[in-house]
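*Asks:* These are the residues of each chain, in order.
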Amino acid sequence: MGRHFISIWFFIGLLLSIYGILILGAGIYGLWHPPAQPVVLANLHMGIWWGLLLMLLGGFYVYHFFPGKE
Amino acid sequence: MLSSHWFSLWLAAPARLLSMGPVDLAIVVAYFTLVLAIGFYLKKYASTGEDFFMAGREMTAWIAGLSFISANLGSLEMMGYAAATYQYGMIVAHAYFIAAIPAILFLSIVMLPFYYICKTHSVPGYLKLRFGEATRGLSGISFAVMTILMSGINMYSMAVIMKVILGWDIHFSIWVSSITVALYVMAGGLLSAIFNEVLQFFLIWLGCLLIPVMGLIETGGWSGLVARIQHNFPGQDYIHLWRNVGAFTDNPMGLHWTGIVFGWGIAISFGYWTTDFLVVQRVMAAKNLRSAQMGTIIGALLKMMVPLIVILPGLLGLAVLPFKLVDEGTAVATGAHSYNEVLPLMLARYCGPGLLGLGVTALIAGFMSGMAGNVSAFATVWTYDIYRPFLRKNASDAHYVSMGRWCSLLGVFVSIGTAYLVMNFSSIIVYAQVIFIFFIVPLFGTVILGMLWKRCTPAGGFWGLLAGILTSFVLWLWVHLDPSALVYVAFSTHAKDMSENIFRAIWSLAACLLVTVGVSLVTRPKPEAELAGLVYGLTDIPSEARFPLFQRPIFWAGAVGAAFVAVNLIFW
Chain A
136 MGRHFISIWF FIGLLLSIYG ILILGAGIYG LWHPPAQPVV LANLHMGIWW GLLLMLLGGF
196 YVYHFFPGKE
Chain B
112 MLSSHWFSLW LAAPARLLSM GPVDLAIVVA YFTLVLAIGF YLKKYASTGE DFFMAGREMT
172 AWIAGLSFIS ANLGSLEMMG YAAATYQYGM IVAHAYFIAA IPAILFLSIV MLPFYYICKT
232 HSVPGYLKLR FGEATRGLSG ISFAVMTILM SGINMYSMAV IMKVILGWDI HFSIWVSSIT
292 VALYVMAGGL LSAIFNEVLQ FFLIWLGCLL IPVMGLIETG GWSGLVARIQ HNFPGQDYIH
352 LWRNVGAFTD NPMGLHWTGI VFGWGIAISF GYWTTDFLVV QRVMAAKNLR SAQMGTIIGA
412 LLKMMVPLIV ILPGLLGLAV LPFKLVDEGT AVATGAHSYN EVLPLMLARY CGPGLLGLGV
472 TALIAGFMSG MAGNVSAFAT VWTYDIYRPF LRKNASDAHY VSMGRWCSLL GVFVSIGTAY
532 LVMNFSSIIV YAQVIFIFFI VPLFGTVILG MLWKRCTPAG GFWGLLAGIL TSFVLWLWVH
592 LDPSALVYVA FSTHAKDMSE NIFRAIWSLA ACLLVTVGVS LVTRPKPEAE LAGLVYGLTD
652 IPSEARFPLF QRPIFWAGAV GAAFVAVNLI FW
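Which chain is which? The protein sequence lines are A and B, in order.
Using this note's numbering, the first residue of the first sequence is number 136, and each one after it goes up by one.
Using this note's numbering, the first residue of the second sequence is number 112, and each one after it goes up by one.
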């Protein structure tokens, strides 16, 4: 872009990183404190894997498009 | 079939649908906070009309393409088609294949050069240049009406989600979501809308992709899914695209292949994807013609992938939900879940703490992107195609930007009113298609004749467009006053609402084309000098010869076209 915006990819990375931390944290907490009414396939602990995926994806975008780096 | 035992079990455990914990709420709040922050951050970059209404025309192909497809990922896409899939089966996936891909590729290769080269701000703006003020006025006003109505559908859909998942009051949901959209579109205009749409695209995918992943694990893959559907609904074909459309009675939708090809694939599809300013505006904001064309092709590729998060959850609902979903009317009367709730029900089935918040946020993002798309397009068309030519011609650029900001707010408030109207219709998707066909389908006939036929006259364009709109409205009224008329409109008494819409689209487009051609042949055309940059044969379209093959839009359009054919053959 011609003007110097903070890149949209940075905002995406920021949000995904925050989400990754929250979801991973909730997934780990759920290992010791499982919900009273578990969802279907709760044994797969999808929160942990999805949280990690979001953190990795978000971290990549934050690092790569950090303001002032381009 | 599903037993009442399972049904009562589900109803006896409503807490699972309402179990948003602190982490889930934090995820939703973080989304709203960031969306508003982006809007206010971009406010300083949206000070001129070109910035506010066209995002400065400096978007890259990827941003334009993601925004193009994200603006289309509203409630119609997600809840509506998931619901229709549960109701009719995989035949609904035609909406993502034949009813989208050919039209999007046609837009990219054939029509975008004219939109882009004439540097218009909108599709009605093109009609002004090609046909004159009357056609622009008719198109602009009808588009504004349609846009506000569609925005209302988005709001209603989102409120339903909040009701099912969170138990939130339906009115509270409508107001919170719409005020958020109003604030960020008012602040940053199209620029803000596009930024948030790209953000929303990622959220939608990362939030909704969990359903097919978990669903396919539960069913044991595609073959397991098919086996379960056949077990739950013996004798019905829910899993083919073309095999069951040889006769109206062969599929639960009551649709014939001629309707799919000519109605859905041509009339509705080309009308929506090539002339609905809501989506076209996104690629018109690209930094150059090639970026606009490549962005559109990227959009086509992404569109073909959306069935993974919309159609597949609908099919999974048929396979794994331990009760039957019903239409909205029955749902209200009996307390059962309706078709429209299939997507949130699937989310509730698989998503635990945190993931549920992400899934809900994905749906909110989908609805808000649809709303923002409607509001920003409404602001542009109202300001440039209604307010400036008919109400105040020679005001300053700052005045029009101010008008754009205020009518974003006004558009939201009118949309809120229409959201309550939507509640009276039994199926969201059918309602949406009724509106589409009234306004968008004939518009394609007018625009395409204007672009490809230099003999087409201003009078032909205006009367053709009006004839198409009136034909659609009169046929709709006829069938609703006298249901036996269905046999004349849709050629079968077995045609369902969706099928009737598709055939009405064919009539509407045919009426528009015939009247446009007829009137054009007896009226005086514009001089050729006035058609430069607007009509095929009189426009210098930049050559792509200097680019290597892999950088040419036509090459990638061919590749996406080949993938489209392959998908149809695989799921024939």
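It cannot be assumed that every hint is accurate.
Beta-carbon label-pair distances, calculated as ranges [as the list claims (entries may be wrong)]:
no., chain 1, residue 1, chain 2, residue 2, range
1, B, A148, A, H199, 18 to 28 Å
2, A, I156, B, F143, 12 to 22 Å
3, B, V598, A, A171, 12 to 22 Å
4, A, L166, B, F602, 58 to 68 Å
5, A, P173, B, Q662, 48 to 58 Å
6, A, H199, B, C229, 52 to 62 Å
Looking from chain B toward chain A, a few residues come up when the C-beta cut is under 7 Å (computed) [unchecked claim]:
no., residue
7, I138
8, A141
9, L145
10, F313
11, G463
12, P464
13, I497
These aren't lab readings, by the way, just hints derived from the structure by calculation.
If you're wondering where the values come from, they're calculated on a predicted model, not measured in any experiment.
Even glycine gets a Cβ: it sits at the ideal position worked out from N, Cα and C.
*Asks:* Hint by hint, note whether the structure agrees.
*Replies:* Against the structure, the hints:
no.	hint	in the structure
1	B:A148 to A:H199: 18 to 28 Å	21 Å, holds
2	A:I156 to B:F143: 12 to 22 Å	18 Å, holds
3	B:V598 to A:A171: 12 to 22 Å	55 Å, violated
4	A:L166 to B:F602: 58 to 68 Å	59 Å, holds
5	A:P173 to B:Q662: 48 to 58 Å	51 Å, holds
6	A:H199 to B:C229: 52 to 62 Å	37 Å, violated
7	I138	6 Å, holds
8	A141	6 Å, holds
9	L145	5 Å, holds
10	F313	5 Å, holds
11	G463	5 Å, holds
12	P464	4 Å, holds
13	I497	29 Å, violated
Checked against the numbered hints above, the structure violates hints 3, 6, 13; every other hint is satisfied.
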